[in-house]
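For what it's worth, our numbering labels the leading residue of the sequence shown as 1293, then goes sequentially.
It cannot be assumed that every hint is accurate.
[Stated by the list, open to error] Label-pair ranges, simulated between beta-carbon atoms:
no. : residue 1 : residue 2 : range
1   : I1369     : Q1334     : 15 to 25 Å
2   : G1392     : L1356     : 14 to 24 Å
3   : I1369     : A1322     : 19 to 29 Å
4   : S1364     : A1390     : 28 to 38 Å
5   : V1314     : S1359     : 11 to 21 Å
Hints are computed from structural coordinates only; laboratory data are not their basis.
It should be emphasised that the depicted structure is a prediction, and the values quoted were computed from it without experimental measurement.
For glycine and all other residues, C-beta sits at the position ideal for the given N, C-alpha and C.
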Amino acid sequence: MGYGPLTSGLNILGAAMLILHVLALLDVIARPQAVFPAAEKQTKQLWLILLGVAVAWGVTPMLLTQSLVFNSVFNLIGIAGTVVALIYLLDVRPAVKAAGGRGPGRTSGPRGGW
């Protein structure tokens, strides 16, 4: 298989989709479980499962080929994972943060840490 500009561009988009899935999954992991129902959003377990499947699906081609190859951008499960990640990052994450979900980058007091 030859690598032309189209193939390289699609590989870059596949990498961007995988990075988006990983960032969303890491943010879900960092949030406390109790804030999801407080923000009237789905449970933390559901988001972990959905985003975990998206990350696993995105990493599978790299594990099978043992090279830096990403899923096709036109892959239905990859697109669904990207939609789930975008819903989490654009809708759920702000609501969870507003409900008191401490996450990365937040200090412990009004003036910071120690």
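Honestly, which of those hints from before does the structure not fit? Of the numbered hints, just 2 does not hold.
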